[in-house]
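Visitor: Each chain, letter by letter, is given below.
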Amino acid sequence: MKPAILLLILGSSLLAQQITLVPPSETDIAKQRQLLERAWQQWEASDAGLERSLFTAPAERVLARIERGRQHALAYHQQRARFLETVLNALQRELARFQEDEPQLTPPLPAPDPRKLDVLLDEQRRLAKKLSAAGLPKHEQRSLTEANSLLAQLAENIAAQQKLYDAFQHNEAQAQKARRALVESYRTLIELLEEQLRLNDEKRQLWLDYYDSLRQLVEAGPSQARPAKASRAKERK
Amino acid sequence: MRSLSLSLLLAALLVGFAAAQSRRPSPFSSANRVAEPVEETEATQPAPARPTRATTNRAGDPFEEELKSAFAAEARWLTLHQALMEDLDSLAPCDEHLARRIQEAQDAAFEMFGQRTNYLQRHQRYATEVREDLERKLPGLTVDRAELEAHLKQIAQELASAERRRTELASSLRTVGSSDDSESVVTLDRIITKLEREKRLVEDTLREYDQSREHLRALLRWARERERASSDQLALVKAESRLWKAFYDGVTLRVTLHCHQNSPGPYVFPTRSPREVLR
Numbered sequence: 001m002k003p004a005i006l007l008l009i010l011g012s013s014l015l016a017q018q019i020t021l022v023p024p025s026e027t028d029i030a031k032q033r034q035l036l037e038r039a040w041q042q043w044e045a046s047d048a049g050l051e052r053s054l055f056t057a058p059a060e061r062v063l064a065r066i067e068r069g070r071q072h073a074l075a076y077h078q079q080r081a082r083f084l085e086t087v088l089n090a091l092q093r094e095l096a097r098f099q100e101d102e103p104q105l106t107p108p109l110p111a112p113d114p115r116k117l118d119v120l121l122d123e124q125r126r127l128a129k130k131l132s133a134a135g136l137p138k139h140e141q142r143s144l145t146e147a148n149s150l151l152a153q154l155a156e157n158i159a160a161q162q163k164l165y166d167a168f169q170h171n172e173a174q175a176q177k178a179r180r181a182l183v184e185s186y187r188t189l190i191e192l193l194e195e196q197l198r199l200n201d202e203k204r205q206l207w208l209d210y211y212d213s214l215r216q217l218v219e220a221g222p223s224q225a226r227p228a229k230a231s232r233a234k235e236r237k
Numbered sequence: 001m002r003s004l005s006l007s008l009l010l011a012a013l014l015v016g017f018a019a020a021q022s023r024r025p026s027p028f029s030s031a032n033r034v035a036e037p038v039e040e041t042e043a044t045q046p047a048p049a050r051p052t053r054a055t056t057n058r059a060g061d062p063f064e065e066e067l068k069s070a071f072a073a074e075a076r077w078l079t080l081h082q083a084l085m086e087d088l089d090s091l092a093p094c095d096e097h098l099a100r101r102i103q104e105a106q107d108a109a110f111e112m113f114g115q116r117t118n119y120l121q122r123h124q125r126y127a128t129e130v131r132e133d134l135e136r137k138l139p140g141l142t143v144d145r146a147e148l149e150a151h152l153k154q155i156a157q158e159l160a161s162a163e164r165r166r167t168e169l170a171s172s173l174r175t176v177g178s179s180d181d182s183e184s185v186v187t188l189d190r191i192i193t194k195l196e197r198e199k200r201l202v203e204d205t206l207r208e209y210d211q212s213r214e215h216l217r218a219l220l221r222w223a224r225e226r227e228r229a230s231s232d233q234l235a236l237v238k239a240e241s242r243l244w245k246a247f248y249d250g251v252t253l254r255v256t257l258h259c260h261q262n263s264p265g266p267y268v269f270p271t272r273s274p275r276e277v278l279r
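Heads up: the sequence lines are chains A and B, in that order. Anchor point for the first sequence: position 114 equals 114 in this note's numbering, and the numbering is continuous, going up by one each time. Anchor point for the second sequence: position 160 equals 160 in this note's numbering, and the numbering is continuous, going up by one each time.
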């Protein structure tokens, strides 16, 4: 009974871990972007032509539209921050996945021992000397010729192994370069998105300031609409 | 007392002389040493410089021990093989030692090829795992280019909208006799500047994203290359082992033939008449 309960607890905890470890699905970014598009459409619809009718429409209606526009601008920028954060988190997760097995070194492909070629050359010399000897029986000649042919094939094989080893070394260097470049690229992407998030914050504040200034303009009335510099100069006085 | 100090002095002189003799090479012993069969182990004979071989001290290498063992087996075989080939002609063809040394060299070669094959098979499995792991990761990448492109379009829309607002606001202000440098216009100009910066940032993000995918493709390409190289090297080593087997078979055959040629022929009985034998 006890092991069964233990297994049940272990299984449920693993299941729980798996559930928490599963990264947000692919649709998360798409979903956030759709929400962003919707927020944008709502903002656009709420104060379309607001600036055009600023002094022509009744002030109360204009002020209400300004307030609605202000709210939608705020919602849009909040949604944009959420979208950017989702992309940012996804990129951070991807980077972490690629860095997971980073410390492990690729095992080398063993190069052929250079002494082997020396051995083959020595043997070839020895065989050539034997073959040049006079009065060699035919079967001996044939055997030595076969051995010579084997040595040539071995030399070719070792040369091919060396060539493959050199290519492998080159490939490994290229793979390391690509891996470093990939990590660097991800870091740049993350920095760019963080910069966009900062900019989004600044922009949100500017839009709020803009709606405040519009409200002030409408509240002051068309006759009071003055250049900013002049009004600031007056305030200073 | 005097005799004691004299004997001590004599003992010290003798020790010094013996030490000097041991350091000085004897012409006789050196001649003998050359004639002695070479039985060098790895510890006594360091392997020659191998500029192209991978170094053995690789922290983090998962198969470091196997590689070291394969290199050691190779060095052992080469030492045996070289010594055998040097002595092959000087030894008597029917010498028991010769047959044993050929067998030893052959066994060492097979051991080395066995270790090398095992290492390369592990290497190949590792290369396959790395490639498969990478291929598994690629579809799991959640950031889609289309989302970033849509985001860029979104910023472009926002910028166009802000510029339109700027024009309409300026027009409205002009109708009421106000100039273009009101607080709202200035703020809108600052927003437009920020939006232009934002657009550039998103464009940079897209470019960097493409770069990252290019690096990923390169990584996958190199992983496939690694797997192919590993498999090709394994095939070459197997072919090499077959060639060495044929080589040793040839050596054994030649030695056997020489042995038969140098052995006294079968005794030829003189032909006698059976009658003579019976007598």
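Just so you know, the hints here were simulated from the structure itself, not pulled from any lab data. A couple of the hints might just be wrong.
These stretches of chain B come out as covered by chain A in the derived footprint (C-beta under 8 Å, 3 or more residues) [claimed, not checked]:
(1) 94-105
(2) 149-162
(3) 201-213
The following label-pair restraints were derived from C-beta to C-beta distances [said to hold, decoys possible]:
(4) A/177 / B/72: 44 to 54 Å
(5) A/191 / B/69: 44 to 54 Å
(6) A/146 / B/133: 23 to 33 Å
Only part of the chain A face toward chain B is listed, based on derived beta-carbon distances under 7 Å [said to hold, decoys possible]:
(7) 94
(8) 100
(9) 141
(10) 170
(11) 178
(12) 214
Even for Gly, the Cβ is constructed at its ideal location relative to N, Cα and C.
Visitor: Would you mind marking each hint as holding or not holding in the structure?
Guide: Results for each hint:
1. Interface restraint, the segment 94-105 of chain B with chain A: violated (0 residues with C-beta to C-beta distance below 8 Å; minimum three).
2. Residue count for the segment 149-162 of chain B with a Cβ under 8 Å from a Cβ of chain A: 6. That meets the three needed, and the coverage hint holds.
3. Only residues whose beta carbon comes within less than 8 Å of a beta carbon in chain A count, and the segment 201-213 of chain B has 8; three or more means the coverage holds.
4. Hint check: residue 177 of chain A to residue 72 of chain B, Cβ distance near 33 Å, so the stated range 44 to 54 Å is violated.
5. For the pair residue 191 of chain A and residue 69 of chain B, the supplied restraint of 44 to 54 Å holds, since their beta-carbon distance comes to about 46 Å.
6. The supplied range of 23 to 33 Å is broken by residue 146 of chain A and residue 133 of chain B, whose beta-carbon atoms lie about 47 Å from each other.
7. At about 6 Å, the closest approach between the beta carbon of residue 94 of chain A and any beta carbon in chain B falls short of 7 Å, and the interface hint on this residue holds.
8. With 7 Å as the threshold, the beta carbon of residue 100 of chain A stays out of range of chain B, its nearest partner Cβ sitting at about 9 Å, so the hint is violated.
9. For residue 141 of chain A, the suggested interface contact is broken, since its CB lies about 11 Å from the closest CB of chain B, more than 7 Å.
10. Interface hint status for residue 170 of chain A: violated, as the beta-carbon distance to the closest one in chain B is roughly 9 Å, over 7 Å.
11. Hint on residue 178 of chain A holds. Least Cβ distance to chain B is approximately 4 Å, under the 7 Å limit.
12. Hint status for residue 214 of chain A relative to chain B: holds, with the closest Cβ pair at about 5 Å, below 7 Å.
The earlier numbered hints that this structure contradicts are 1, 4, 6, 8, 9, 10.
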